[in-house]
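Assemble the complex: chain A is given as a structure, and chains B, C, D, E and F must be docked to it using the hints.
Spelled out, the chains give:
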Amino acid sequence: MSDAEQITKKFMYINRKAPYGTIYAWESLEVVLIAAAFDQDISLAFIDDGVYQLTKGQKTEAIGLKNFSATYRALGDYDIQKIYVEKESLETRGLTLDDLQHLVYEDEDDDYAEKDSIKLVSADELGKIMEEQNVVLSF
Amino acid sequence: MSDAEQITKKFMYINRKAPYGTIYAWESLEVVLIAAAFDQDISLAFIDDGVYQLTKGQKTEAIGLKNFSATYRALGDYDIQKIYVEKESLETRGLTLDDLQHLVYEDEDDDYAEKDSIKLVSADELGKIMEEQNVVLSF
Amino acid sequence: MSMLHTVNKSPFNNDALSKCLQCAQPGSSILFIEDGVYASREGTTFTDSVKEALKDKQVYVLQPDLDARGMNSSLIDGIKTVDYSGFVDLTTEHDSVQSWL
Amino acid sequence: MSMLHTVNKSPFNNDALSKCLQCAQPGSSILFIEDGVYASREGTTFTDSVKEALKDKQVYVLQPDLDARGMNSSLIDGIKTVDYSGFVDLTTEHDSVQSWL
Amino acid sequence: MKFGILVNEGPYQHQASDTAYNFVKSALEKGHEIYRVFFYHDGVNNGTRLTSPPQDDRNVVDRWSALAKENDLDMVICVAAAQRRGIVDQGEMERNGKDASNIAEGFRISGLGQLVEAGIQSDRLVVFGD
Amino acid sequence: MKFGILVNEGPYQHQASDTAYNFVKSALEKGHEIYRVFFYHDGVNNGTRLTSPPQDDRNVVDRWSALAKENDLDMVICVAAAQRRGIVDQGEMERNGKDASNIAEGFRISGLGQLVEAGIQSDRLVVFGD
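Chains as they are written, first to last, in our numbering: chain A, 499 to 637; chain B, 499 to 637; chain C, 1141 to 1241; chain D, 1141 to 1241; chain E, 64 to 193; chain F, 64 to 193.
Just chain A, with the same shape it has in the complex:
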């Protein structure tokens, strides 16, 4: 983790689009999975229609597209621990955290206790977190 030679930057991946209607959600996830190997400080944000990416119970057989919703549950294994969901985007859509998948990670600093990855934040709080980032990738 702490290689003196290595640059560590704060990367945020911002997702504002619904899944399946366009490919952005899936190809964004592909970047995140690769990025996890680079030992950077990664966070994900789900805003606007992006919150739909995390809904439970996605079944894509009938539309013929690949179902990638299980991949979000694997993010914890990739050591991705910070997943921000914007509060007002959920509310506007009549959704609560219960409608989203339960995403967790194991906290190695706390005896590998399972902890929630998803943090509900206001737009203003998210704006503050965005400002702390070095690199923001939006899809």
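If you are wondering where the hints come from, they were derived from the structure by calculation, not from laboratory data. Hints may contain errors.
The list that follows gives simulated cross-link-like pairs (lysine-lysine, PhoX-like), each with its CA atoms no further than 25 Å apart [to be verified]:
hint : chain 1 : residue 1 : chain 2 : residue 2
1    : A       : Lys-507   : A       : Lys-613
2    : A       : Lys-580   : A       : Lys-613
3    : C       : Lys-1195  : B       : Lys-626
4    : A       : Lys-580   : A       : Lys-507
5    : D       : Lys-1197  : D       : Lys-1220
6    : A       : Lys-626   : D       : Lys-1195
7    : B       : Lys-508   : E       : Lys-65
8    : E       : Lys-161   : F       : Lys-161
9    : A       : Lys-557   : E       : Lys-88
10   : A       : Lys-554   : A       : Lys-613
11   : A       : Lys-508   : A       : Lys-613
12   : A       : Lys-564   : F       : Lys-161
13   : A       : Lys-564   : A       : Lys-554
14   : B       : Lys-554   : D       : Lys-1220
15   : E       : Lys-65    : B       : Lys-507
16   : F       : Lys-65    : A       : Lys-507
17   : B       : Lys-613   : B       : Lys-585
18   : B       : Lys-564   : E       : Lys-161
19   : A       : Lys-508   : F       : Lys-65
20   : B       : Lys-564   : F       : Lys-88
21   : D       : Lys-1197  : A       : Lys-508
22   : A       : Lys-626   : A       : Lys-585
23   : C       : Lys-1220  : A       : Lys-554
24   : B       : Lys-580   : B       : Lys-626
25   : B       : Lys-613   : B       : Lys-508
26   : C       : Lys-1191  : B       : Lys-626
27   : B       : Lys-626   : C       : Lys-1197
28   : A       : Lys-564   : E       : Lys-88
29   : D       : Lys-1197  : A       : Lys-585
30   : B       : Lys-507   : B       : Lys-626
31   : D       : Lys-1220  : D       : Lys-1191
32   : E       : Lys-93    : C       : Lys-1220
33   : A       : Lys-557   : C       : Lys-1220
Listing some non-contacts, in silico: residues in chain A with all C-beta distances to chain F over 10 Å [claimed, not checked]:
hint : residue
34   : Thr-553
35   : Phe-566
36   : Ala-568
37   : Glu-589
38   : Asp-596
39   : His-600
40   : Leu-601
Just so we're clear, the structure is a prediction, and the values are computed from it rather than from any experiment. All C-beta atoms in this analysis are idealised placements derived from N, C-alpha and C, irrespective of residue type, glycine included.
Same frame as chain A, now just chains B, C, D, E and F:
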């Protein structure tokens, strides 16, 4: 015009997207120019951001894209006489007909008098006109 | 003449549904497909306007797109689900189709 | 740290501007490019929220995109115009860039 | 009934091509006729034979080619849109001095008149796009 | 300053590639360094040599190739996105059993790691898309 063998249908081309940001406006216009040769009953509708297609004074040199705004003025020569602009879309955008190009056609049934092609309509009026169409193409 | 309007955009990110609801005439039908299916759910900021439309129009939603998005529960009362075969039927039962892209 | 937010969508057809205005912090900057430039005009339903943003943020618009769209007149007071060179400068003058796509 | 179909978006990026495919397949199964499928805008990108999607995903292009073969579909790619985006058949390759073609089986390149004609000749024209 | 550039849309359909080009050109004129231009999603379609746009329009692909040549730009096309969309170089052609390649001069196909690396190595990463 009135070839007994020929089918004449009412075609409406619906434009809801701004020009230059995407190609839909221009490629839609390309269809209309070809369609004019088929002696069908053609109308165009400009709704939502589509009203921006008709603004005056477009100058595209600095973005490097082809300026196609003059083509709208040629529609009269292609005998396209019905151009509907949705009223509320203009209002929301702080625009009036004065911000749009003046589009005209020559009315052959009225001694080739020059007449306005653009008709300002409400969404409800436009909905009624849509229902009279045989074919609606949206871009 | 009666028209089938299809809406394939999320109402939260595009004007398509709003304008469709303003233009669609009584007796016409509206079908939500692709990301448009999000409009079919109870409890959103668009629920009231969809319910208003249901008073004098038929509203349908494409089941395969609902399933894909995990949006099966909380469907607004009165919206009917169709599969691709039902989508085809809707186009033949109406005189023309307008796609709100 | 200060951030440059770019918005390339028409505010009338996409949530990008609205959400950008909710997220952008005081002291940050917003640049309208491509179809985003329509937000820079007086007299639209978004004018008030852009004016609100001007109270504690810098707002810029890309002149080449304004010109292309015939939107040169009626610019909201306080919005500054930049060309591509100015766009590059804005990215170097801020610590990071968030593109609202 | 006779259908004309317009597809305005390319494969994978948008669902439009998938929905159009499922619609056409279902219409054929129900005994309807497809007068023509016309590919416009980025829709022309559905007609390249050079894609190699992952094994666990659908193959959008091959699926169209197979459907066309089984049902003798007329699948037309707009020439103007194709030239802008690099979809090339043998004729276009020679005309534009290109060193390769990439058109997939079952597609042909032609003009926009074919779209207007589809509107005239079909009972219903259905548009799939973004 | 060192820039990384991400282009998410194809040529002509969206203005994103045009804006990115004008931005990169201007940054170079001002003496900045472009660490890499990465093409993702439909952005990979900027890298086909098979386009023949109308004479009175800009040539998006050739313009990128020329800019790369003049300035020794590293222009990388994402391999996964390219496979889905049919952008093929010699290596991909052989690997996937294709009978043609279509990559344009100055572009190379590589993995998503190159995008992450551009984020790490550049002072600013700027995203152009839809």
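A quick look at each hint next to the structure:
no. : hint                    : result
1   : A:Lys-507 / A:Lys-613   : holds, 23 Å
2   : A:Lys-580 / A:Lys-613   : holds, 11 Å
3   : C:Lys-1195 / B:Lys-626  : holds, 18 Å
4   : A:Lys-580 / A:Lys-507   : holds, 15 Å
5   : D:Lys-1197 / D:Lys-1220 : holds, 12 Å
6   : A:Lys-626 / D:Lys-1195  : holds, 18 Å
7   : B:Lys-508 / E:Lys-65    : holds, 17 Å
8   : E:Lys-161 / F:Lys-161   : holds, 17 Å
9   : A:Lys-557 / E:Lys-88    : holds, 20 Å
10  : A:Lys-554 / A:Lys-613   : holds, 19 Å
11  : A:Lys-508 / A:Lys-613   : holds, 21 Å
12  : A:Lys-564 / F:Lys-161   : holds, 24 Å
13  : A:Lys-564 / A:Lys-554   : holds, 15 Å
14  : B:Lys-554 / D:Lys-1220  : holds, 22 Å
15  : E:Lys-65 / B:Lys-507    : holds, 15 Å
16  : F:Lys-65 / A:Lys-507    : holds, 15 Å
17  : B:Lys-613 / B:Lys-585   : holds, 20 Å
18  : B:Lys-564 / E:Lys-161   : holds, 24 Å
19  : A:Lys-508 / F:Lys-65    : holds, 17 Å
20  : B:Lys-564 / F:Lys-88    : holds, 19 Å
21  : D:Lys-1197 / A:Lys-508  : holds, 24 Å
22  : A:Lys-626 / A:Lys-585   : holds, 15 Å
23  : C:Lys-1220 / A:Lys-554  : holds, 22 Å
24  : B:Lys-580 / B:Lys-626   : holds, 15 Å
25  : B:Lys-613 / B:Lys-508   : holds, 21 Å
26  : C:Lys-1191 / B:Lys-626  : holds, 21 Å
27  : B:Lys-626 / C:Lys-1197  : holds, 14 Å
28  : A:Lys-564 / E:Lys-88    : holds, 19 Å
29  : D:Lys-1197 / A:Lys-585  : holds, 24 Å
30  : B:Lys-507 / B:Lys-626   : holds, 17 Å
31  : D:Lys-1220 / D:Lys-1191 : holds, 13 Å
32  : E:Lys-93 / C:Lys-1220   : holds, 21 Å
33  : A:Lys-557 / C:Lys-1220  : holds, 19 Å
34  : Thr-553                 : holds, 22 Å
35  : Phe-566                 : holds, 13 Å
36  : Ala-568                 : holds, 19 Å
37  : Glu-589                 : holds, 26 Å
38  : Asp-596                 : holds, 32 Å
39  : His-600                 : holds, 27 Å
40  : Leu-601                 : holds, 22 Å
Comparing the model with each numbered hint stated earlier shows that all of them hold.
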